[in-house]
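Each chain, letter by letter, is given below.
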Amino acid sequence: MHTDNDRNPGKTVTLSGRGLTKTYHTGEVDVHALRGVDLDLYLGELIVLLGPSGSGKSTLLNILGGLDVPTAGQVFFGNTEITAASEGELTRFRRAHVGFVFQFYNLIPSLTSEENVALVTEIAPASMRPAEALELVGLGDRRDHFPAQLSGGEQQRVAIARAIAKRPDILLCDEPTGALDSQTGIVVLEAISTVNREIGTTTAVITHNTVIGAMADRVLHIADGGIASVERNTERAAVQQLTW
Amino acid sequence: MKVLNRKLLRDLWRLRGQVLAIAMVVASGVAVLVMSLATLSSLQETAVTYYERHRFADVFARVTRAPEQLAARIAGIPGVQHAETRISKLATLDIAGFEEPVIGQLVSIPEHGESVLNRLALLAGRRVQPDHPDEVVLSEPFAEAHALTTGSRLHAIINGKRRALHVVGIALSPEYVYAIGPGALMPDNQRFGVLWMGRKALAAAYDLDGAFNDIALSLLHGTQPASVIQPLDQLLGRYGGIGAIARADQLSNWFLMNEIDQLGTMARILPTIFLVVAAFLTNMVLARIIATERSEIGLMKAFGYRNTEIGWHYARMVIAITAVGIVLGWVIGAVFGKVSTELYAEFYRFPLLIFEPKPSSFAAGALVSLGAALTGTLGSMHRAAALPPAEAMRPPSPPLYRRTRLSTSRLAAWLDQPTRIILRQIVRWPGRALLTSAGIGLSVGVLIMALQWIDSINHIVQVYFYDTQRQDMMVGLVEPQSATAAYEFAHLPGVLAVEPMRIVSAYLRHGNRSHRGALTGVPPGAQLQRVYDASGHVVPLPPGGVVLGTKLAEKLGVTAGDTLQVDVLEGRRPHLQVPVTGVFETYIGVPAFIDITTLNRLLKERPSLEYANLLVDEAARPALYARLKALPEISAVMLREAAVRTFHETLAETLLIYISFFAMFACALGFGVVYNSTRIALSERGREMATLRVLGFSRTEISYILLGEVALLIFVGLPLGCLAGQGLAWLMTSAFETELFRVPLVIELSTYGTAVLVALLATAASAALVRRRLDRLDLIAVLKTRE
Numbered sequence: 001m002h003t004d005n006d007r008n009p010g011k012t013v014t015l016s017g018r019g020l021t022k023t024y025h026t027g028e029v030d031v032h033a034l035r036g037v038d039l040d041l042y043l044g045e046l047i048v049l050l051g052p053s054g055s056g057k058s059t060l061l062n063i064l065g066g067l068d069v070p071t072a073g074q075v076f077f078g079n080t081e082i083t084a085a086s087e088g089e090l091t092r093f094r095r096a097h098v099g100f101v102f103q104f105y106n107l108i109p110s111l112t113s114e115e116n117v118a119l120v121t122e123i124a125p126a127s128m129r130p131a132e133a134l135e136l137v138g139l140g141d142r143r144d145h146f147p148a149q150l151s152g153g154e155q156q157r158v159a160i161a162r163a164i165a166k167r168p169d170i171l172l173c174d175e176p177t178g179a180l181d182s183q184t185g186i187v188v189l190e191a192i193s194t195v196n197r198e199i200g201t202t203t204a205v206i207t208h209n210t211v212i213g214a215m216a217d218r219v220l221h222i223a224d225g226g227i228a229s230v231e232r233n234t235e236r237a238a239v240q241q242l243t244w
Numbered sequence: 001m002k003v004l005n006r007k008l009l010r011d012l013w014r015l016r017g018q019v020l021a022i023a024m025v026v027a028s029g030v031a032v033l034v035m036s037l038a039t040l041s042s043l044q045e046t047a048v049t050y051y052e053r054h055r056f057a058d059v060f061a062r063v064t065r066a067p068e069q070l071a072a073r074i075a076g077i078p079g080v081q082h083a084e085t086r087i088s089k090l091a092t093l094d095i096a097g098f099e100e101p102v103i104g105q106l107v108s109i110p111e112h113g114e115s116v117l118n119r120l121a122l123l124a125g126r127r128v129q130p131d132h133p134d135e136v137v138l139s140e141p142f143a144e145a146h147a148l149t150t151g152s153r154l155h156a157i158i159n160g161k162r163r164a165l166h167v168v169g170i171a172l173s174p175e176y177v178y179a180i181g182p183g184a185l186m187p188d189n190q191r192f193g194v195l196w197m198g199r200k201a202l203a204a205a206y207d208l209d210g211a212f213n214d215i216a217l218s219l220l221h222g223t224q225p226a227s228v229i230q231p232l233d234q235l236l237g238r239y240g241g242i243g244a245i246a247r248a249d250q251l252s253n254w255f256l257m258n259e260i261d262q263l264g265t266m267a268r269i270l271p272t273i274f275l276v277v278a279a280f281l282t283n284m285v286l287a288r289i290i291a292t293e294r295s296e297i298g299l300m301k302a303f304g305y306r307n308t309e310i311g312w313h314y315a316r317m318v319i320a321i322t323a324v325g326i327v328l329g330w331v332i333g334a335v336f337g338k339v340s341t342e343l344y345a346e347f348y349r350f351p352l353l354i355f356e357p358k359p360s361s362f363a364a365g366a367l368v369s370l371g372a373a374l375t376g377t378l379g380s381m382h383r384a385a386a387l388p389p390a391e392a393m394r395p396p397s398p399p400l401y402r403r404t405r406l407s408t409s410r411l412a413a414w415l416d417q418p419t420r421i422i423l424r425q426i427v428r429w430p431g432r433a434l435l436t437s438a439g440i441g442l443s444v445g446v447l448i449m450a451l452q453w454i455d456s457i458n459h460i461v462q463v464y465f466y467d468t469q470r471q472d473m474m475v476g477l478v479e480p481q482s483a484t485a486a487y488e489f490a491h492l493p494g495v496l497a498v499e500p501m502r503i504v505s506a507y508l509r510h511g512n513r514s515h516r517g518a519l520t521g522v523p524p525g526a527q528l529q530r531v532y533d534a535s536g537h538v539v540p541l542p543p544g545g546v547v548l549g550t551k552l553a554e555k556l557g558v559t560a561g562d563t564l565q566v567d568v569l570e571g572r573r574p575h576l577q578v579p580v581t582g583v584f585e586t587y588i589g590v591p592a593f594i595d596i597t598t599l600n601r602l603l604k605e606r607p608s609l610e611y612a613n614l615l616v617d618e619a620a621r622p623a624l625y626a627r628l629k630a631l632p633e634i635s636a637v638m639l640r641e642a643a644v645r646t647f648h649e650t651l652a653e654t655l656l657i658y659i660s661f662f663a664m665f666a667c668a669l670g671f672g673v674v675y676n677s678t679r680i681a682l683s684e685r686g687r688e689m690a691t692l693r694v695l696g697f698s699r700t701e702i703s704y705i706l707l708g709e710v711a712l713l714i715f716v717g718l719p720l721g722c723l724a725g726q727g728l729a730w731l732m733t734s735a736f737e738t739e740l741f742r743v744p745l746v747i748e749l750s751t752y753g754t755a756v757l758v759a760l761l762a763t764a765a766s767a768a769l770v771r772r773r774l775d776r777l778d779l780i781a782v783l784k785t786r787e
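Sequence order for the protein chains is A and B.
Following our numbering, the numbering of the first sequence begins with 1 at its first residue and continues without gaps.
Following our numbering, the numbering of the second sequence begins with 1 at its first residue and continues without gaps.
Treat the hints as calculated values from the structure; they're not laboratory data.
Computed from a predicted model, the values in this text were never measured in an experiment.
Wrong hints could be hidden among the right ones.
[To be verified] Here are some chain A residues pointing at chain B (derived, C-beta under 10 angstroms):
| no. | residue |
| --- | --- |
| 1 | Phe76 |
| 2 | Pro147 |
| 3 | Arg162 |
Idealized CB from N, CA, C, for every residue including glycine.
One chain only, chain B, in its complex shape (with noise of 0.2 angstroms):
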């Protein structure tokens, strides 16, 4: 068996340049596996240690005041383990260098000691000292926004009063991961920002001295939030209390392990698809890689070797190949998915990061490569160790064409004779072929299925931001405000529309479905924060019944006409029963909307608003800036431009950077299909094209005959790469649905084009490779030998 070591080794140099294709193909399936797998339990495990180490409460809670004795009566409360209370409040910032209005969310934290719960991951300076009321630590991403550091100077109107506060460190928490802002859907550290300031100074400020607006619980293991969140909705009821929410409701983390949701939904389908498209394109390829070797395992049979140890051999020979491309998918993979963690890492600010890829992603990866592959071969081995070795060492008979109805027709006048070997060459082996159209077909429908994430989220963009929502900017105030606060925004410089709206935390029930939501009030037929179909409709607003997302709907199991029990959790928390009467489709979030007006009926409130969407003058935006600053009662000040941009640049750091090594892989995919198949079609047919050299056909006209096949079938493969692309981006989004987003099905034309383009060009530059070897074809060896 040595010989055969030595043989093994010096095939797998001769046929080095295809070794290496397929190694890319085999690679590119298994990287993806491995990078995507690695990278969502590099994230997972990150961010629950993240949450153990900095201890991140179980539950939270808000009131509007209670005293701070009523904190031992929570930790009273069977399965609490800690109850920590502290103060929470918005205030509008001033920065210098700053246009726009900043919003500062004042999370208090202890001057002796640190906190129980929720602890800061300090990364420069020191926590804030007692006696020193202006102290304040900053969010690292916020302060990095800003370019502010310790020592640092910024202004807030805290209570109605400005204050210049002196930055004292730099911090991280696990409660603010993702940083968002009231009414933001992606984080903006520009505009938004947490600040931890002194227990006491913020007490002072608000006046809640032994008093407590906000407080976080650890629970006992096994304890099921549910379980302790009903008790402390009750005492805290008669303070304000808007209804208590569990860790998974919490905002950072509610956004957090929506991503992580879905990262997972990506790691799972597209590798899967990638690594059945590579694993389908090994198989092709070896196949007809072995079918070569026919004479030589003629050869081998006559000299006596068994059919088991000439399998054996060709097997080692495919595992070998198969191997080096696992070896490079699993490195690629690995260096990937340390990238790709790093790189989400950063973006989540993660003040640890714990890279750890799980062994079974790599074997799956390999175990999948290998076994296409060898079952690939299989079929070949056992035709060429079928045949007796005499048969198998001539070269195959001359294989029978046929006459199609084409040679006998008019059309066939206008076909030369290179012409016609093509398509005899197509219509002799159909099945081939296909297989490699339909392996062109699948790396331009991987690519495709990759590339349309930016079609679609810039459909969502338009949808959301700017055919459902017209407001140049939406004003969060600290209080619902009667009506007349619409008439005052009004009268600020530059504002040329006011709309009202209100947003109510609620618990909507449908028998024994609930989900923790909201009713956005807006008035019936708003311009400027629109109900909008996601299918390009505006919907009405009934008077008396809300309208509902379709994944809200779903979630509660209810259709227009429905009755929905809405139990609201503030002012005077009314239990209603409100009828649905419509249901639309939405991209982002779960919305359920109600007329402005049904809204303050049913809260038994006078008219009043909590947001006003204004559009403005773009001329008096600095005016308009510089009073919204001054006013002490806003919460929030959104600018939908800002909004627009901050989606984007999220989007571009996280999810196209993953997109992109997808791309990346497809291309290696396409490359490695069409270089083998051109390869295996010139070592088939070297003796057909010296021949044609030898008549006195061209190099160019030989290329064509060869490259003018692979060629035509690209041309087929191309559109069946795009619907490929279209059934396998359909797979994907359809799996793809979150309570926060659902990504509609949206390919554009350039998408087709580009993923057409790419294919082409790797086409082009393996065609430049094998067309190299046909100018170097040595005319005299091959006709010389018989085969």
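Just chain A, same shape as in the assembly (with noise of 0.2 angstroms):
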């Protein structure tokens, strides 16, 4: 099995996993998630995490982001242990440095695009406005919309918004284009991709579709709770050539 042993002294790790694993016991059997995962994530890069549905990719991003907590392994955003925090520590961890999007989009439905995105930034230090970041999403003239009066794709988008507003330092997207259909998809992850590229933010998505691989930094391939192996591309593609 292969880990994520592909270590560049040369850039700064913004959070990396040691030996994580992740076992549920449902009655009498045992699953393992996860069965030691090693990886790091370096400050600005996309990575595309690609997998079948089981394969643990979704329980990594969860770990990752402190939604989750492992068996077994740790996981460091700089120096400090994410793993050893508290449960209020862990929320403010989440506060001041993820965002996170998920396949439903998940917006409060009584809240406008806007007041959706202020939610983040009330409570968020050294947050963008809340325009700013819809600006960023291409949704600046839909800021007085409530989600109901949105497609699909523009809730996906101000989900974005609202997670990059804070000027995260990871933003983790799980299946963002799940729910969409293909041309929507697209532009999406170009709003995904031009948040990466303007504000810098270390990215990671996880998609089954392996076309999205094409647009990152690196793919890591993930099968059996663990990283079966990692891709490293070049150039990334412009997310515009993608189809499917």
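With the hints as a guide, bring both chains together as one complex.
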């Protein structure tokens, strides 16, 4: 089994995991979702985690984002060990450093686009203005619309704006295009790519769509709870060129 | 359908917290109804049985002295089944260790065998024996109040002579269920008691050999008391009869029936309000629970279940939840009904107790609750079933919110996003918000309605015992005495002021309406016994006319300016025409006041008095008591402080216990509403809460959004509840009106405060429970699934 042993001493590590293991006990069966994964995320890079459903990629992302705790292993954010943090410290970590984008957007239906973004900027330090974040994802003119008045792609872009408005160190996206058609998916991926380029956020995108791997700096193939292989793109493909 | 049954059981188990909370609401309504009606029917049944078994008489009459032979003529009046003559007298008692004078009602019983009517229920010892003239049987409450048992001794001034009496038995009588001393309002077992003595012993003591001064009649079935009373009064008139009374007017029975009536009013109105409130809440909560089952309903339809099958499945769920509440309510109601009946029975000292809750009250509680629950869920069920299955299985499309003027106003800058979520949620579903507020409001209202009784009672005490009566004590005389008696009272130790009073039994008539009561004569401008209107002013007493309490004026259909026909039942028994000069509001009794000089003139008697109201120097009380105990002509001594105390004690033993049960159920109601509203909100918005947690909101911050909404609705609900409480209390007090009592609508600020505080505590408790669930929110699971 591969590990992300492809160390690069010239780059700054934003987030790193060591020996990450996750075992679920369901009834009498133990499910090994992760089996000792090592990986580093470097400052400003965009990685894509590719793998079939059940391969453990979501579990990995949740543990990296401080949403879940590993059965064994450690996660470091800079010099801080996330896996040793208390509930309150985890909340503060997510609040200040991590942006999440979900497959089903999870916007608050009672808030407008701008207010959904403000939800985060109000509690995070050093965030940008909500309008600015919406401009970044190309929705400057939709700021007063409620989720019910937006298309799926637009809702997902609001979710991205909401995730990056705090200028997070890490942006974690779990199947961001999973609920969208390919055309809308492209627009959403473009937004993610723009954010990664323009504010230099370390970005991890989970998908089972192999085409999307082309837009990444690195592609990690996840299978059976481990990193099966690592693929490095010398050049990131423009999102516009992707088709599926 | 077997799988559906299993699903039903598992769903109930999954929702167990809410099932229990809804059951609590249902149970409160049902329990209150069952408790009230069970208490009422048991008391009625117990009283009737007691009266029957101990042969409580139908007609009672008093005379000064009549020959025994008259009894045969009385027994001959058509409709009379049996006539039993007696001797009954009031005497001052002296009980070792008790400073104040005590009044004893002496009643004769046969020395051989048992009385035919008003039979004693002998609880201890034996009846009196012939040739032992000093033997007495004591009434149980009196004996207990003074720790007297068989073998004890006490002293009495009987016809001027001090005699030692020997207690041989303890008993109860249907005639003295409510043992009330002359002029008193509530039983005071320390200062008034009934003593049964041998007929011969009493006849000898009062010089009534071959004569009687009291007679009791039983009537043949179906005989109207009035048809017997008229010829009876004619026979007794020349022997000093003051008018016979039917059982309905007999003091003890009148009080007892008044109390049962009051209880009846409460038993009808309070539970009705409760049940309606509970039904409304059940309805609201279940409707929302069914609405959250929408996707499952879609799924079942997709599998091919018919709408009726799905409807029946959820109907069974609702029935099961409600049934838990109904059964709980039955059990709690029956238990509390038993407890409350026992308390009443103990208070009234019934020698027997028949606990007989009517099945109809159980059925009524169940039907109303089930009906309300099912109609409540019908709407949501119909809406869910009407959707095409695919649509029902999709999560409802995000509801469209709107910006209101608030969010574009300047105020908006001050609102953070969580607060906006709260406000938009309320604006988006105003009906739901209103229902939650109303639910909380209603439970606060019910609580206020229950608690305001204490305020009303305190107000009654203030008006009746302090504003109206300012005497420290009232002394009654056996016979009316000349006005000079007032001077004698003035010379007793410690007496600072004396005011004479006369009470004359009379029929008051106007047109074809009549009331058997009395005229109370007091001096104009009386300072000790004032004619006082409950609205807070003294009513002038012009010479020549009567001033009536409003309830009496209403009963007789008179207003100021009308003329009242007064048939006096004492002395020369004159028939008078007296103008009504005024009407005033009272809370207790049906008084008719008249200037005492006018009264004496109308009676064609020299100035005389029957009662003396005294203002007393506190320090001289012991000396005064010692003198009063020795005076032979005293028939009653009423101490105001003791009267206030017994009034409070009596109510604490009956009404307030009942009220505290209601207060408890109101708390359960409030808790149930808040817990359900929050739990449902959590199940509807768990995903939103989890999203916020992932975005970096702390537990406290997301609790703010969910519980803040509830808090806001509660703050709206509390003033609504205070208003509702006022309305419900008004409804209750206006329905609660007997000849004995009118309950004023008085709600102290502290009562609102208590009710609000209790609601807040119930809210805090349920919020804490929901907060625990929020803390355990599974972030990943919530985000993974679509809904």
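- Which numbered conditions among the earlier hints are violated in the structure presented, ordered from lowest to highest? Of the numbered hints, just 1 does not hold.
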